[in-house]
Amino acid sequence: GQQLNQSPQSMFIQEGEDVSMNCTSSSIFNTWLWYKQDPGEGPVLLIALYKAGELTSNGRLTAQFGITRKDSFLNISASIPSDVGIYFCAGKAQGAQKLVFGQGTRLTINP
Amino acid sequence: DSGVTQTPKHLITATGQRVTLRCSPRSGDLSVYWYQQSLDQGLQFLIQYYNGEERAKGNILERFSAQQFPDLHSELNLSSLELGDSALYFCASSVGMGYLNANTGELFFGEGSRLTVL
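So the protein lines, in turn, are chains E and U.
Counting in our numbering, the first sequence runs from 1 upward without gaps.
Counting in our numbering, the second sequence runs from 1 upward without gaps.
One should not assume that every hint holds.
To be verified - Below, simulated BS3-like cross-link-like pairs (lysine-lysine); rule was C-alpha separation at most 30 Å, straight line:
#, chain 1, residue 1, chain 2, residue 2
1, U, Lys57, U, Lys9
2, E, Lys51, E, Lys70
3, E, Lys70, U, Lys57
4, E, Lys51, U, Lys9
Don't read these hints as lab results, they were simulated from the structure.
From just these sequences and the hints, can you work out the full model?
Here it is in structure tokens:
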């Protein structure tokens, strides 16, 4: 079945630093989504990508749909305390009935 | 607010018991998905319904069952509960089936039901 490898699993950074995380898949996807989950809450959609090579921003967040269609990247610039949480990538292959989720990247910001 | 409503928010019960979790999707969404998230784990897909019919099944135990009603709300039934069933259970909804080209694939999640089995 389809698998997503999300890395890193966790990050410990200082406030103000930039953050990068990525997901790779074993198959070609036609949709990549990035979600953020705050503690005790449900995941919230941050960015959606639908075309290979697409680069989309949402405030300090930027995500890219890899040109191979097997990977995606999320960058957060100038991190702030409220960026703490778990970030999930998710992808969907054409014709697939459901999203496949990565295992998540837990972001911790040191004061 | 995603528009997806889940109840109850918290549930504590004993091993061997049975519970029902309820989900109301966003207005207009026909698909409902159930996910399980154990402590510090990722989202494990359980099952999907579209307009009342089961469409996809993930790693859902035989002790678990779900259904989607004519008004599109869904219930997840967990029976013969074990300690390992303690987790956050999320419901998500989307407009379409998930495999149509016109469907963006975006899911909108509820806030989850936290189940604790003692």
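Verify the proposed pairing of U:Lys57 with U:Lys9, using a straight-line Cα cut of 30 Å. Given pair U:Lys57, U:Lys9 holds - Cα atoms ~24 Å apart, limit 30 Å.
Can you confirm whether the C-alpha distance between E:Lys70 and U:Lys57 stays at or below 30 Å? Distance ~24 Å between E:Lys70 and U:Lys57 Cα, so the pair holds.
Under the criterion that the straight-line Cα-Cα distance not exceed 30 Å, is the pair E:Lys51, U:Lys9 satisfied? violated, 37 Å
Take the C-alpha atoms of E:Lys51 and E:Lys70, compute the straight-line distance between them, and say whether it is at most 30 Å. holds, 12 Å
In this structure, only the earlier hint numbered 4 is contradicted, and the remaining ones agree with it.
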